[in-house]
Amino acid sequence: MRLLRRFGPLLGLFLLSAALAAASPHFLTWDNILNIFRQSAVNGLLALGQLLVILTAGIDLSVGSILGLSSVVFAMTVKSGAPVAVAYAAALACGLALGLANGLLLTGLKLPHPFIATLGMLNVARGAAMLLSGGFPIPDLPPSARLAGAGFAPILILLAAFGLVSLLLRHTVFGRDVYAIGGNPEASRLAGIPVKARLNAVYGISGLLAGLASVLLAGRMNAGFPLAGVGAELDSIAAVIIGGASFFGGVGAVSGTLIGALIIAVLRNGLNLLNVSSHWQMIVIGSVIIWAVWVDVLRRRGRQ
Amino acid sequence: MALTAPLVAGRAIRKSFGETEVLRGVDLDVLPGEVHALVGANGAGKSTLVKILYGALRPDSGEVRGRTGPASVAYIPQDIQIVPHLPLTENLFLGHALRRARWLVDHAAQRRAAVTVIERVGIRHPAETLARDLSVAEQQLLMIGRALIRRVEVVILDEPTASLTPVEVGRLFALIRELRSSGVGLLYISHRLDEIPQIAGRVSVLRGGEVVFTSAAVTPKHELIHYMIGHDLPPAETRAAPTTLPAIDLRDGALPGRLRGISFRASTGEVLAFTGLIGSGRTSLARSLFGAEPAFSGDLRIYGKPARLDSPRAAIAHGLALLTENPKEQGLVLTADVATNISLPSAGLFSRFGWFDHRRERATAADYAARLDLQPLNVARLVRLLSGGNQQKVVIARWLLSSARVLLFDEPTRGIDIGAKDQVYAWIRRLAAEGNTVLLFTSEIEEALRLADRILVMRHGAISAELPAAEATEKKVLQAAF
Chain A
238 MRLLRRFGPL LGLFLLSAAL AAASPHFLTW DNILNIFRQS AVNGLLALGQ
288 LLVILTAGID LSVGSILGLS SVVFAMTVKS GAPVAVAYAA ALACGLALGL
338 ANGLLLTGLK LPHPFIATLG MLNVARGAAM LLSGGFPIPD LPPSARLAGA
388 GFAPILILLA AFGLVSLLLR HTVFGRDVYA IGGNPEASRL AGIPVKARLN
438 AVYGISGLLA GLASVLLAGR MNAGFPLAGV GAELDSIAAV IIGGASFFGG
488 VGAVSGTLIG ALIIAVLRNG LNLLNVSSHW QMIVIGSVII WAVWVDVLRR
538 RGRQ
Chain B
25 MALTAPLVAG RAIRKSFGET EVLRGVDLDV LPGEVHALVG ANGAGKSTLV
75 KILYGALRPD SGEVRGRTGP ASVAYIPQDI QIVPHLPLTE NLFLGHALRR
125 ARWLVDHAAQ RRAAVTVIER VGIRHPAETL ARDLSVAEQQ LLMIGRALIR
175 RVEVVILDEP TASLTPVEVG RLFALIRELR SSGVGLLYIS HRLDEIPQIA
225 GRVSVLRGGE VVFTSAAVTP KHELIHYMIG HDLPPAETRA APTTLPAIDL
275 RDGALPGRLR GISFRASTGE VLAFTGLIGS GRTSLARSLF GAEPAFSGDL
325 RIYGKPARLD SPRAAIAHGL ALLTENPKEQ GLVLTADVAT NISLPSAGLF
375 SRFGWFDHRR ERATAADYAA RLDLQPLNVA RLVRLLSGGN QQKVVIARWL
425 LSSARVLLFD EPTRGIDIGA KDQVYAWIRR LAAEGNTVLL FTSEIEEALR
475 LADRILVMRH GAISAELPAA EATEKKVLQA AF
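The listed protein sequences derive, respectively, from chains A and B. Here the first sequence is numbered in the working numbering, starting from 238 and rising by one per residue. Here the second sequence is numbered in the working numbering, starting from 25 and rising by one per residue.
Calculated directly from the structure, the hints in this document are not laboratory data. Owing to the predicted nature of the structure, the values given are computational and were not obtained by experimental measurement. C-beta: ideal position from N, C-alpha, C; glycine also. You can take every hint at face value.
No more than 27 Å apart at the CA atoms, straight line, and that leaves these computed lysine-lysine pairs for BS3-like:
1. A/433 x A/347
2. A/347 x B/352
3. B/245 x B/70
4. B/352 x B/75
5. A/433 x B/352
6. B/245 x B/500
Non-contacting residues of chain A with respect to chain B, defined by C-beta distances greater than 10 Å in every case (computed):
7. 248
8. 269
9. 397
10. 458
Here chain A stands alone, though its shape is the one from the complex (with noise of 0.2 Å):
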């Protein structure tokens, strides 16, 4: 029981998996793995984010909005002629500074709950996305700029986001503390765990891997758009929900969220391969979040 509830998901992308593999002869191919890889790096750095928020029992509906803001940074900050080097940077600073404008909603103005905070930045900062670029996409970027959506570079800077959360949750200070923050945010507070600076640098993570995933994006796209990410904080809450992390806070882990990227981004491929309508793939996505939670729910009342 405790396997199943460890390697649940994982079970879960095998035999989704293997079943695409039967109906399709082109899903097992090489080219066609590699693919699902790179889908899912935008929104398994988004789902990544996503899923310390939910660890500390919040949530951010901003990272769309700020995956689509950083794109339109990164691109312009490129034509614009100064070096490419700047315009990386410009992009994450921009991620940063949005996510770490959260938290101080959050934290500073003590705003009753993340939801808000969030709601009110997802507009925000697409308002300020459509502002800036006039609600253009901006094409056409050098080579050096496509460097991140380019070959395996998605992938392995997938990989290498995902070590190194999993090492700042598994094996830090801070990563202990916010899944103590989720599990009770008073008894950490008195415990002397410093709640607010955590969630600050929580949220401010989730923007700056937003910020990293719209350089991802723009360099696959070979364009900045303003309208990059539109719904795509719920696909990133859907990946961690898949994942196995608890809604309410404190329950959750990395590979979790990874399964959960790659389990929507093997949905997606796999009906797009057998033709199925992009309509009848949201309606998939949707019951399988249904569904995995609900396997969750059965088994805490097993245990019970």
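Keeping the supplied structure of chain A fixed, place chain B upon it in accordance with the hints.
Just chain B now, kept in the frame of chain A:
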């Protein structure tokens, strides 16, 4: 008595969860107009028995009968379950609305009935008052009112006096007597054995899933305790005399609206108790000293050095520890295991260059758990699976590990049974004997009298009396508290 049929009767009730047999053939009944007290240590099976009596659980074998057909029982739990944002009337009729024409709520009839019941249970507020504006004691009366609205025959009260002041207890007892005289049967569960002869007719002791004793409620307390724990209590702890080395010294402590002019000094090795009624400021003072109340001001010295405690973090750095009133809500991270909960404020000890050493953390936590005789001794166990007494041990272990020297205990024995209570008392005395300073914040005067070297009585946010242990009596404390 034998001529009246019981309002609810459990016969030969057995119940197991997995391999654990919780109830082993229990007989228990409540007669009309009777208050039947039920006592037992934690884990004796009281809550399982109660759930079976009011129909929330099915017994494996045996049966529960009412006077004529199914029993009509209401349960008033320890934690009050009302809807805070709704008026009293709505709370009284929750789930049992009076109807007109099948689908419509008959507000006028509900109001008439509510006004009568509100007066009967002794709530002095109009029916439109929101439930959240009542005091805790009145909210409890409201829950009893809900049972009366449904005209149940038996009311089960679970630790009803745990958070009441003596005056409120008096009011509750008056209501219980009134219910008794109108023929309602009551099952009264309490850890406070002194109350039982005041209010009950019979008392039953549950131990290890069996009723080991039933008799008249005037049974002496030590006899009840003997039946509850299966042996007599050890003699009171011997105590070492406190030193005169000042550990904590506060002048003119104030928290706007709650505390004023608080000055006291406690020495190393001393147990200093703060007692007083609910709302007298005990918990506010404990939290203030621990840096959890930012608006607190005062001239504080710890081991002679001036200290500004503006956060719990700063307080911990000065060697303070707060053992909160309610470990589940404010002390423990229930999603985490025992080791994590023990090392929570001391995580830095196990971290080198940012790398957290899990193995050393587990080993150290296991040492401290063993010192406190944690049952079961497994630091990988989720802390929410432990009993209340063992959860309290986890919190004590946490602060021993953090090398705290000034320990603030806020209601350390609330809701834990007599056996576990004695262990906590022994630990408090031992911590003091080992050179720590204990500030004990308690509403139980008996606890203060038993443990403390000195007692400070609080009233309306100020200290109203200081009594050395040798001179303190319950009467003197109460006089200063009111």
